[in-house]
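Q: Given two chains presented individually in distinct reference frames, assemble the corresponding complex, making use of the accompanying hints.
These protein sequence lines are chains A and B, in that order.
Position 64, counted from 1, in the first sequence is what this note's numbering calls 64; the numbers after and before it change by one each time, with no gaps.
Just remember that this note's numbering sits 1000 ahead of the position in the second sequence, which is counted from 1.
Treat the hints as calculated values from the structure; they're not laboratory data.
Backbone N, C-alpha and C define an ideal beta-carbon position, used for all residues, glycine too.
A hint or two may mislead.
Said to hold, decoys possible - Looking from chain A toward chain B, a few residues come up when the C-beta cut is under 8 Å (computed): (1) G33; (2) L48; (3) R51; (4) R79; (5) R81; (6) R82; (7) Y83; (8) W101.
Claimed, not checked - Selected chain A positions facing chain B (in silico; Cβ < 10 Å): (9) H32; (10) Y34; (11) D35; (12) S37; (13) V52; (14) L55; (15) Y56; (16) P57; (17) L59; (18) Y60; (19) G70; (20) W72; (21) K75; (22) R80; (23) P88.
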Amino acid sequence: MQHIKSQMLDRELKEGSAELLILSLVEDQPRHGYDLSKLIEARSEGVLKFRVASLYPLLYRLEKRGWIQGRWIEKAGQRRRRYYRLTPAGEQVLKSQRNTWREFAEAINRVAGVEST
Amino acid sequence: MPWQDLPEEVAQHLQDLYDDLRARGASDEEARREVAAELSACGLREESESAPAAIFGDDARRSARASGGGAPLALIEAANFSHSPFADVGGDLRYACRALRRYPGFAAVVILTLALGIGANAAIFSVVNAVLLRPLPYDRDGRLVAVWGNLHKPGLEEIPGSAAEFVDYKARNRVFDAIAAHDTAGVNLTGFEQPERVPGAVTTASLFSMLGESPALGRSFVAADEQPGRNHVVIVSHSLWQRRLGGDPHVVGRTMAVDGTNVEIVGVMRAGFAFPDDVTELWQPLAFTAEDVSEDQRGSHSYTIIGRLKPGATVSHARAEMKTLGEQMGAEHRNVYRAGFSASVRPLHEELVGNVGPALFVLLAGVGVVLVIACANVANLLLARATARQKEMAIRAALGAGRMRIVGQLLTESVLLGLCGGALGLLLAVWGVHGLVALAPPSIPRLNEIGVDGRVVSLTSLVSMLTGVLFGLVPALHASRHDVHETLKDGTRTSADGGTRGRVRRALVISEVALSLVLLIAAGLLINSFARVQDVHPGFNPDHVLTARLALPPSTYTTLEQGHGFVADLFARLAEAHGVVAAAAINAVPFSGRGGDRSFFVEGRPVAPGEPSPDEQVRFATAGYFTAMQIPLVRGREFTAHDVDAALHVAVVNEAFARKYWPAPSSVEGPNESPLGKRVQFQQETTNRYEIVGVVGNVKHRALDVTEKPELYVPIFQPLFEGFRMPPMDLVVRTASDPVLFAPALREIVTALDRDQPISDVRTLEQRIGQSLASRRFNMLLLGLFAALALVLAAVGIYGVVAYTVTERTHEIGVRLALGAQPRDVLAMLVGQGMTLAAAGAAIGIVIAVALTRVMAGLLFGISPTDPATFGVITGVLALVALVACYLPARRATGVNPVTALRNE
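With the rest of the complex left out, here is chain B (with noise of 0.2 Å):
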């Protein structure tokens, strides 16, 4: 009894029906919809238990299960004649969703899979969105530009303005509506339990109503704040404003001890405000006073200044404006401007995320090359089932669906899973975003924006459709190209080797280990590169080191003896406390992101006018510094107590400092000219000149990857010049155990001189340095995490194929076994073909990994793009898990009993 005769009969007596109904009159439309109701009566049937279904109950499911149909009812239902007069998308949709209830297991491997690729992508997306691509906040429209100050020295072609500059640049621009300048300003509140160190910003008045934003509660700055003498007001963020004090509604008008100075509050912003960072919590107006905006301050350059362009103005406008305006100011004061000067413009948005770009975009193709590995095996899955859905496809073709109508069904099912992984994804994806938040390093902008929100959803669903086209749509135009009458025959045999469809499934199998492999060497050359830097040595021992910011308001410690006197205190105090080994102090430690350059005089080496004056990174350290840091001597000795300002001015300086001053002389190799006995000189017409008494070796300052740079250290309590107040300082204390247990004791005896004096930024050094390899960290954790997911994937599509062919060949495995094959020949056959397949696939990824890996250059170090060892390691590691992935279904083939395998024929 042909089953298979069962659809061109009911084909023809739905077409009888149609006839029918026409001949008695029925318009078109009624004759179709009750024909469409004859079918949906099918599928009704076919759901429930109801009495016609135990009518024919289990005989007819058992042969068409034995046909390899499916449920023949649903079918009928689906299936359109070639017309196609029924099709519909909801019918489509209904159908798909009871192909896929018919095998739970299969849409779930799939959703999983798709789960996983798509919601990895839109986690990283939504980062990419959040920093890249969104506008910032208050610059909805992009019109708010840096401008950068060009010295046209190396080093120097892109710095902030001075208080000059910056008057000049309002008074004589035209192309912004608004300008302002801020610069960032810790300040240490008192008068609280606890004294605190807050992040702050010094600011025009201009700035807030340039972003568009105004106090949630009180008022913005005016320019009457922006007097001295009157700028003793404050706007304080909503979390200062909620954490100290205590939410007051009616906090407008209080004042706080802000840096030992009483000053009012005037406002608080709203929560998430954040500007010019992330942690500023206080904002105070910035009052320039004449000596700030006076020829010889010109020089100092602090301040951020931006613009916002007027209505129509763009950006090169602004650009070539400044351009000239700066020209002018440079030959206006040539004194100060001794290479000459000009000024340029980028947009703020650039200017916050834009060295963040490159890593991000890496990490974007990362994730999305394994979406194509997962929709490669998805799509090798569909055609794995696609055999097995033959008969199911010949019989709707033989209702007389079009090849068109069965493309369309099986997109749609693979559509509807697209959109199920989608879905999933998303969950993964919004779980997946308060992980690579908390993970990511403080030095990605705008973290607290990240989030997914309307762009990600729909550039996920979106993602999501045309990944179900994309893994659908070769599955699907192959299963609709049988041939009816072929596929109906019983026995028809599809060889595993046979066909395109086999070369299909072997295609996108080497391509997902291509694409793995790409993906694999990139992690592994970040992963090389990590180890490499972790092992660079920083020329300090972080070892046992607390570090703690201690900055001592100039309006108590007014004199420089006054400060000195502090540090005196507490280094007796810290010399007597339990477990310190040695405790100094310096500006700016290394890794605190902090110091800065100065410009010097070498005594006996004038500079002609017109040539620019050297300049290297300065720093003030106290006695001790080297030896509590642990950096080496190399000659000559290192700073005392007794360098005090009545005492010789001395100066030590790193190797590198000495290596570029007085280099050996070329014709002799051999050690550089002593600097030792040579002097240094911070202004041209001086007396103040510093003796280099010391040589200490080259330290990392800001990074471990980068190269040291030449470093010139002075004693913090010798004053470059008249009024020279101390600095901020870095106290560096290292301990006999661990040193993050000593913080508390450290503020203790810090309180226990002054009550109201706060330290800040209490780290060890390691942890300081570990913070600086955040971002290496973060985008090496994420591309690795993306190439294990692409190796699974990979060898789940390895281990599909040779388990799929093993099925498939069975009975050809029995017959060689019943002719004497010895189970090892089998084994090595099959685990030989796959092995192939690998071989193919990492052959090619080794090819586009040498023509990419290049693209990331920038976040080695120490390594190159086309790194033999870790090509070969890699390589390695991917051929032994696809070994693994072939045995494993291969081995199965070897307990295959002749009989069985040839009796099933």
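Excised from the complex, chain A in its bound form (with noise of 0.2 Å):
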């Protein structure tokens, strides 16, 4: 049952956190995937990086659920791309999202800090 569970947690905050870093970065603004990419692996200073295949389910998912909502957009003298930007309701579990990530991190320094010191 233990193991069951901490796999669970596992993979929900791995998911978590991908959505995180998702609705973080098109809350300023609309962006499209091949942006998105980049700019997770430019800040996390290529710790983190999302391949075709992770990226673009993670993003149809998420605009399934309505928290992002994609449309396609064609500038002049490029192809059209589609362009992600934050719902209202996508604004509401941002919120929530950060705050739970906020405590869950707090969590886990306090428990490291404890152990490694």
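A: In structure tokens, the structure reads:
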């Protein structure tokens, strides 16, 4: 039982963290998929890297939940791209996920801090 | 959320990545590699439950499946941009493997169907290859030819040579660098626990070197061995050496008793050496005596003559030269060659395999048709699946894959299927070839050489690949022709009836039905012929008769009287033996393959100089032969024990003989003139005449499917000429119970009379007749098997189309039912549609069959190649099978619940 629970937690964590990343990045302005993958890689200084195979399914899932919305936008001289922006529902989720993450990170830090000293 | 936007988005992503990398100074190649890595990462994630897979989880898969797109990530991997920069065979193959793994059931059905088709082809081709195509093991460069004489008389246009002719050919020809004569000569081996009759051959010394063979142990024959009196040497086969001589490595120089004479073993051939046939186990040198090559014996044609062409000489050179040479000989010996003489040559390979060719090619054509039907079936399956894969193809087209890329990818898949089918087919063939060899009639030459060799493997691989292209091309072209936007729109419903795809599917089924009907009719004709042949009465009663070959060696039984004594004792003992109803002997029992003709003269009918004398089948029989065989006596009497040399010489003829030589006056209908009391003689100047005392019924002598020949029977103990010795005989023993059980007793009785006397070729008459039908049975069984296979495949094809229609039209059927249609109306509609296809196929098939079955006229018996009854019955069988194949899936449709069907919409 303990084992299963920890697996679930692990999975939710990863899923949650990936969602959090995307939602954060589209908070200020709409972005397309390639832009998002570059930003994640750049800002994490190469630690986090999303491949096509993980990125787009995630985007689609977030869109299905109504947290982000994608729209095809054509700019002069370029092929059309799909831009994603945060929806009001997404804003709520982002806020709550940021809180959850903060609490979670602090908890980890507290525990890890005790153990590490 | 439009899942179908994914391809375009991903494509854009990859394009951005590529552009970015190039902008940062990467070479085109590096950038492509990077993009490829991005793609292959998709593949990895698809396969494994790695963390990222967990991240995007089941959601995407569900979406993908719901949109009919299969697994999207694998698609992305395989997809290529319009300028096709990442196309590679390896990738295509990987993708194809993955695609097939996703549909294991489909792949299994296709591979199995192909394996049956390809395997059957590979097996038959193995036979054709070994028998017809592969050069003879001892004649790799095709320089060996057989030389035949031509006496310019009907039936005597291609005869073996005499010793004198051989000597002339050898001395005078300029086209052969070697020439040899040989003849089969069975011998009695004695000095072992059990005497044994062994098939052997006599040959001139030149034979082995001509064949490029020398014994594995010891030496070949040399010229000295050809001297009469110095010819007491023998070369044995590997099998005889193992079986009788214990495989003794020091066997050379040992002696053994052959036909009662001690001969020295000088050589042992290698295992597998087979000449002139597969069974020969012993070779003795042919030593021509002065008598053999004399003018008197010039007409006794008993040797097969083969020559090896000089380098540079062609068969047509040899043909021209031997013709001239023969004509010269004809002119020089007019008293022997009354109607003239010439000689001809034929390649030895053709000689050996000539008459099995047509039947094998019919089988090869039949099995080829099975493969075509299998291809049609698989193409149909692929077309059906292409519908399910429409979205997958559309996504790849959207990702920028050009049409040719998609066709290429789909062809890779079908060729892969073809190769898998081929590999499995080869395994089936290896197994099937064993069966074929076991089943094959002994009349097929070179049976021991049949096997799956490099040529069979290469041809099978080629056929498998071509097969893959053949069945894959049409579906691939169809699948790639999609309007992307139309397909990707949800709710696009393809009608089973509409569209080229439906037309192609129906056309495929029609051709399958047509082709299988052709095969079925061909098989039906063979089966029908076989039944008719079996019903032919042979002219004697083969029930409960045991036969055995008894060859008294001339060295022991030097005179006819000695032979007579032995036979009289033998029949006396047989008469006392329990369970013997009758016993007799003849030099050539029917269905033994033995027997020959002789020329003779009818008393009072002189033959004008230059005219050929009559020439018919002559047999030598003992008293009671016709009774023992239950050959009806039509007139007069049969031979008795009193018909010996000292008594009046008599003969019995069959009805065909009587009718030919004493026909009824043409103006009068009625019985022919009685031959009784007429006399025949075997030399022109002789007082040794044979009075015809009986007329017996005709018998089939060589096969049930040939007309009876005129036959003249002479008592075996009334010699034709001075020095006539008893020929080898076939004993005929009619028994009260199972004749097979009498074989040991017969052997015992013979050895009790002479410890060294073997009997051989012990078989019942029924077995002999059965063996004469072996090649017919072989052809019938194989073609029947192929036809059955074709029928099953065609039925599966019809079933598939109807079942597919039902699935596609569930909605429409639901509406019909909801609107009050009766289930049986729906059933009739669906069955009607399937049967329309079957009827169209049958009509085409009948037309093809009428045109094609002519080529197999030679394989038929008592039936026309367009026999209406066979055509009718077979078409009926096909219709019945088609009806079942339509009914089963159609019945499912009547169970459609209108509400469910409509809600699905």
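Q: Work down the list of hints and note, for each, if the structure agrees.
A: To see whether the hints hold, each was checked on the structure:
At its closest, the beta carbon of G33(A) sits 5 Å from a beta carbon of chain B; the interface hint therefore holds under the 8 Å criterion. A least Cβ separation of about 11 Å between L48(A) and chain B goes past the 8 Å threshold, and the interface hint is therefore violated. A hinted interface residue such as R51(A) counts as satisfied when its beta carbon comes closer than 8 Å to some beta carbon of chain B; here the least separation is about 5 Å, so the hint holds. The restraint placing R79(A) at the interface with chain B holds, with a minimum CB-CB distance near 6 Å, inside the 8 Å limit.
The interface hint given for R81(A) is met, as the beta carbon of that residue sits about 6 Å from the closest beta carbon of chain B, less than 8 Å. This hint holds: R82(A) has a C-beta 5 Å from the nearest C-beta of chain B, less than the 8 Å allowed. The interface hint given for Y83(A) is violated, since its Cβ lies 11 Å from the closest Cβ of chain B, which is over the 8 Å cut-off. Using the Cβ-Cβ criterion of 8 Å, the hint placing W101(A) at the interface with chain B is not satisfied: the shortest such distance is roughly 16 Å.
The restraint placing H32(A) at the interface with chain B holds, with a minimum CB-CB distance near 8 Å, inside the 10 Å limit. Contact between Y34(A) and chain B, as hinted, is supported at the beta carbon level, the nearest pair being about 4 Å apart and thus within 10 Å. Look at D35(A): its Cβ gets to within about 8 Å of chain B, closer than 10 Å, so that hint holds up. Using the Cβ-Cβ criterion of 10 Å, the hint placing S37(A) at the interface with chain B is satisfied: the shortest such distance is roughly 7 Å.
At a threshold of 10 Å, the smallest CB-CB gap from V52(A) to chain B is about 6 Å, leaving the interface hint in force. For L55(A), the shortest C-beta to C-beta distance to chain B is roughly 8 Å, which falls under 10 Å, so the interface hint holds. Using the Cβ-Cβ criterion of 10 Å, the hint placing Y56(A) at the interface with chain B is satisfied: the shortest such distance is roughly 6 Å. For P57(A), the interface hint holds, the least distance from its beta-carbon to any beta-carbon of chain B being 3 Å, beneath 10 Å.
Given the 10 Å rule on beta carbons, the hint for L59(A) holds: about 8 Å separates it from the nearest Cβ of chain B. With a least beta-carbon distance of about 6 Å to chain B, the hint placing Y60(A) at the interface is held under the 10 Å criterion. Among the interface hints, the one on G70(A) holds; its C-beta lies about 8 Å from the nearest C-beta in chain B, closer than the 10 Å criterion. Look at W72(A): its Cβ gets to within about 8 Å of chain B, closer than 10 Å, so that hint holds up.
With a least beta-carbon distance of about 12 Å to chain B, the hint placing K75(A) at the interface is violated under the 10 Å criterion. The beta carbon of R80(A) comes within 8 Å of a beta carbon in chain B, closer than 10 Å, and the hint placing it at the interface holds. Given the 10 Å rule on beta carbons, the hint for P88(A) is violated: about 17 Å separates it from the nearest Cβ of chain B.
In summary, the numbered hints that this structure violates are 2, 7, 8, 21 and 23.
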